[in-house]
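A.B. asks: Now for the letters of each chain:
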Amino acid sequence: MRNLPQTVIQESLVEPQVIEAFARDAQAIVGADQISVNPADLLANSRDYWPVNNIWMIEGALPALPQLVAWPGSADEVSALLRLADKLKIPVTPYGEGSGALGGAIPLKGGISLDLKRMNRLLEIDEESLLATVESGLNGALYEESLNRAGYTGGHIPQSLSCSSVGGWLACRAAGQFSTRYGKIEDIAVSLQAVLPDGTIFSGRSVPRAATGPRLDHLFIGSEGIFGVITSATLRIWPLPEKRHLASYTFADLKGALECVRLIMRSGARPAVVRLYDAQETGNHFPELGDQRCVLILLIEGAEKIVAAEAEVIKELALAAGAIDSGPDHVEHWLEKRFNISVASMLFQKGAVLDTIEVSTNWHNAHNTYLAMQNALLAVEGTILASGHYSHVYPDGAGLYMTTVGFPGANKLKFYKEIWQAAMEACLAQGTAISHHHGIGLHRGLWMREEHGSGMEVLEKVKKALDPEGIMNPGKLGLGEVGLWQK
Amino acid sequence: MAEVNMEQLLNCALCPNMCRCDCPVLQALGREKVAPAGKARFAAMYKQNHLELDSEVIEAIANCLGCRGCTVRCPFPELNLCDELLFARTPDKEGRQGHLASWEPYLANLKKYSSPYGQKSFAGGRADRGADILYFNGCTALANHPQSLAAVEKLFQKAGVSYQLINEDCCGYPAETWGDPELARSLAAENYRKFVESGAKILVTSCPECWLVFTERYSGWGFGLPLEIMAAPSYFLGLVNDGLLKPSAIGQRTLSYHDPCIWARSAKITQEPRQLLKSIPGVNIKEPLAAGEQTHCCGGGRMFQLSFPKTAEAIARRRLAEFPSGAAIVTACPFCREGLSQDNQTVLDLLELLAESCTK
Numbered sequence: 001m002r003n004l005p006q007t008v009i010q011e012s013l014v015e016p017q018v019i020e021a022f023a024r025d026a027q028a029i030v031g032a033d034q035i036s037v038n039p040a041d042l043l044a045n046s047r048d049y050w051p052v053n054n055i056w057m058i059e060g061a062l063p064a065l066p067q068l069v070a071w072p073g074s075a076d077e078v079s080a081l082l083r084l085a086d087k088l089k090i091p092v093t094p095y096g097e098g099s100g101a102l103g104g105a106i107p108l109k110g111g112i113s114l115d116l117k118r119m120n121r122l123l124e125i126d127e128e129s130l131l132a133t134v135e136s137g138l139n140g141a142l143y144e145e146s147l148n149r150a151g152y153t154g155g156h157i158p159q160s161l162s163c164s165s166v167g168g169w170l171a172c173r174a175a176g177q178f179s180t181r182y183g184k185i186e187d188i189a190v191s192l193q194a195v196l197p198d199g200t201i202f203s204g205r206s207v208p209r210a211a212t213g214p215r216l217d218h219l220f221i222g223s224e225g226i227f228g229v230i231t232s233a234t235l236r237i238w239p240l241p242e243k244r245h246l247a248s249y250t251f252a253d254l255k256g257a258l259e260c261v262r263l264i265m266r267s268g269a270r271p272a273v274v275r276l277y278d279a280q281e282t283g284n285h286f287p288e289l290g291d292q293r294c295v296l297i298l299l300i301e302g303a304e305k306i307v308a309a310e311a312e313v314i315k316e317l318a319l320a321a322g323a324i325d326s327g328p329d330h331v332e333h334w335l336e337k338r339f340n341i342s343v344a345s346m347l348f349q350k351g352a353v354l355d356t357i358e359v360s361t362n363w364h365n366a367h368n369t370y371l372a373m374q375n376a377l378l379a380v381e382g383t384i385l386a387s388g389h390y391s392h393v394y395p396d397g398a399g400l401y402m403t404t405v406g407f408p409g410a411n412k413l414k415f416y417k418e419i420w421q422a423a424m425e426a427c428l429a430q431g432t433a434i435s436h437h438h439g440i441g442l443h444r445g446l447w448m449r450e451e452h453g454s455g456m457e458v459l460e461k462v463k464k465a466l467d468p469e470g471i472m473n474p475g476k477l478g479l480g481e482v483g484l485w486q487k
Numbered sequence: 001m002a003e004v005n006m007e008q009l010l011n012c013a014l015c016p017n018m019c020r021c022d023c024p025v026l027q028a029l030g031r032e033k034v035a036p037a038g039k040a041r042f043a044a045m046y047k048q049n050h051l052e053l054d055s056e057v058i059e060a061i062a063n064c065l066g067c068r069g070c071t072v073r074c075p076f077p078e079l080n081l082c083d084e085l086l087f088a089r090t091p092d093k094e095g096r097q098g099h100l101a102s103w104e105p106y107l108a109n110l111k112k113y114s115s116p117y118g119q120k121s122f123a124g125g126r127a128d129r130g131a132d133i134l135y136f137n138g139c140t141a142l143a144n145h146p147q148s149l150a151a152v153e154k155l156f157q158k159a160g161v162s163y164q165l166i167n168e169d170c171c172g173y174p175a176e177t178w179g180d181p182e183l184a185r186s187l188a189a190e191n192y193r194k195f196v197e198s199g200a201k202i203l204v205t206s207c208p209e210c211w212l213v214f215t216e217r218y219s220g221w222g223f224g225l226p227l228e229i230m231a232a233p234s235y236f237l238g239l240v241n242d243g244l245l246k247p248s249a250i251g252q253r254t255l256s257y258h259d260p261c262i263w264a265r266s267a268k269i270t271q272e273p274r275q276l277l278k279s280i281p282g283v284n285i286k287e288p289l290a291a292g293e294q295t296h297c298c299g300g301g302r303m304f305q306l307s308f309p310k311t312a313e314a315i316a317r318r319r320l321a322e323f324p325s326g327a328a329i330v331t332a333c334p335f336c337r338e339g340l341s342q343d344n345q346t347v348l349d350l351l352e353l354l355a356e357s358c359t360k
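Chains A and B, in that order, are what the protein sequence lines are. Counting in the numbering used here, the final residue of the first sequence is number 487, and the numbers go up one at a time with none missing. Counting in the numbering used here, the final residue of the second sequence is number 360, and the numbers go up one at a time with none missing.
Do not rely on the hints blindly, as some may be mistaken.
Unchecked claim - Here are the computed lysine to any residue pairs in the SDA-like style, where the Cα-Cα straight-line distance is at most 20 angstroms:
| id | chain 1 | residue 1 | chain 2 | residue 2 |
| --- | --- | --- | --- | --- |
| 1 | A | Lys350 | B | Arg274 |
| 2 | A | Lys350 | A | Gly409 |
| 3 | B | Lys286 | A | Gly151 |
| 4 | B | Lys286 | B | Gln305 |
Simulated from the structure, these hints should not be mistaken for laboratory data. Being a predicted model, the structure only gives us computed values, none of them experimental.
With the hints as extra help, turn the sequences into a complete structure.
C.D. replies: Set out below in structure tokens:
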């Protein structure tokens, strides 16, 4: 292919003869048809859904290119490929479905894009212990639909369900919309199998609880490919709910609504979906409610009697807090629209820069974090919108999901960096965690040291121990030297 | 060839690929370059002069069945990516785009025989002069399942309906698929002339791809058809409902209907075939996974069985795994019939089954 688009943040490339040496031996491992240096494959595996990739695409540029794509079919093949890459010191970037929002799948130093799409089998459903064992490359929607046909749900329904993989969920510590009942992916995962760069295959045990030293499986959940490659996992599943109850309430102000949600969590009620929108998002997503009140969306599911009891407890608490019962229709509307992300594509074309920034906060600063982040975002020149909703709630706090849109004119990347800097500074000042479920990837690594303090040294030591050659997804999670993007 | 709608193409290219689980090609090949938004990104970058369109990219973009599976979850109601990507198959004035070399023999066949199959598919047939109904069988069924025409003729005769057949030329869909819109237009012109000369009022076809070009393309190609276009399942259901066809039992049979993607998603014909099956006494229907408008392509869309036979076979095998055991597969499309007939799998044709049941 001639005239490939320009790469913008390619840190380095591996010498071509080293890639050729890898390709020769890799053919014997996976077969000649399961590796490619075809530019169309390299181009396709060069990016994920980090908004900056879209800005570059419109401008005719790419973040960075891999030099070879490999499609292993088993953990053994992953092991052999990683051993080979480690020996030749070739960077390896795992690739699932490419829906990551922070640039985690970008091959900054070229090398190999290890694409897991062939490892897409649902291996077993254990109906007695309510567990499913699944390969990491399986598409999320296909996983959930397979479970549904067997009478179960995986309980993990992110907005990216149809464009993300099970391995991606684990690698990024993802959250689904039904997380208050079923948990985030780290709660749903019981065990996993992962391959280290030296070829070691780690297989966790699928027991419910154990006191057998640290649960090493959790080392890989959220590791975003920096320690190795997740190849399969055993996840909790649930029987499809007998009953689903939809309810919504509107509140005069966000702070009062938040306090009500906190009390709902304190009561022991565990709705699957709890979403509290600020007034602006209430008006945007539910125009029939206007933009003066804050709507709380609830979806309660499970055994009929338990659902009825939870609905009653919640209603009492909501009405006591002065809320207006707004019925089930708004929840139906949300269910219908919850996967529709069309506005992002349309706004990008009109010259906008937009992103969503999700953070995790305890109750005591849940409202202050919202105010601080909103003010910080609005203070950036070019911002026209900074709104938020609490998309996931727990007894100890909530996930806050800020949406921001701006029309910065020509220098979109400068604006992008400014809004993130403003949002992250505000977030950290509140003692709030810088990510709830999108993960770190490339971009959010900028704030990892402030997030973790000395914990970052621990992360670096673990990285050094497991990946001494530093081949696994270099430049991510804030590890390594400052790169072109950060500069 | 229609102009590319850049806004829609970019809507797709800038999307995280919400439809990727519904793309049979991506699911069968597992290659990011054939993901719907991946193809749209190639196309958009090319259209904006950021990427050369060489044979590798054209092949990736052409790995599209035209099944419109990507519309099932698409958040953009106006987007038809399968058609937006057609441009890349067609050479432009500078010769920058173009069809793949492997398609040339089929285009040569179309030019020589008016059929991609290397033989003139139909040398004439019954013509009830002045009959209102004109039946168009399509070259794929005629080439691969010539008995299908006999079954349809039996149905017309049992119903006492006069009908015409013509010396069919290929409908033009394959020529468009293989990047020769001029050839597609010339074939359409011949069919148009014959349709008009027939004086028929209703054109009935059992081939979904023929139906698609008659309804969606001919007018744009300058051949607005002065006939009503009817899909055969709808037409023959009408004859059953009017009492002109009286299906009788052909034994206890459990059948599973495979919705051809064009009938299901473009023509919205999903209930009619099932009603036809239910009109046959003793038939029990068991649904496959992915039925109705959510159907999965058999792998035969956009001439894949000729263009990309290995991929077509892989897609068919995935689809076959979605059918319930103990049920015979029945469909209403010559490509689906061909594609799903893997490993000696018997695939029944809806109209042939109906004809078998219409003994009275």
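A.B. asks: Please work out if lysine 286 of chain B and glutamine 305 of chain B have their alpha carbons no farther apart than 20 angstroms.
C.D. replies: violated, 27 angstroms
A.B. asks: Given the hinted pair lysine 286 of chain B and glycine 151 of chain A, is their alpha-carbon gap at most 20 angstroms?
C.D. replies: holds, 18 angstroms
A.B. asks: Holds or violated: lysine 350 of chain A with arginine 274 of chain B, Cα cutoff 20 angstroms?
C.D. replies: violated, 46 angstroms
A.B. asks: Does the structure keep lysine 350 of chain A and glycine 409 of chain A at a Cα separation of 20 angstroms or less?
C.D. replies: holds, 10 angstroms
In terms of the numbered hints stated before, the structure departs from hints 1, 4, listed from lowest to highest.
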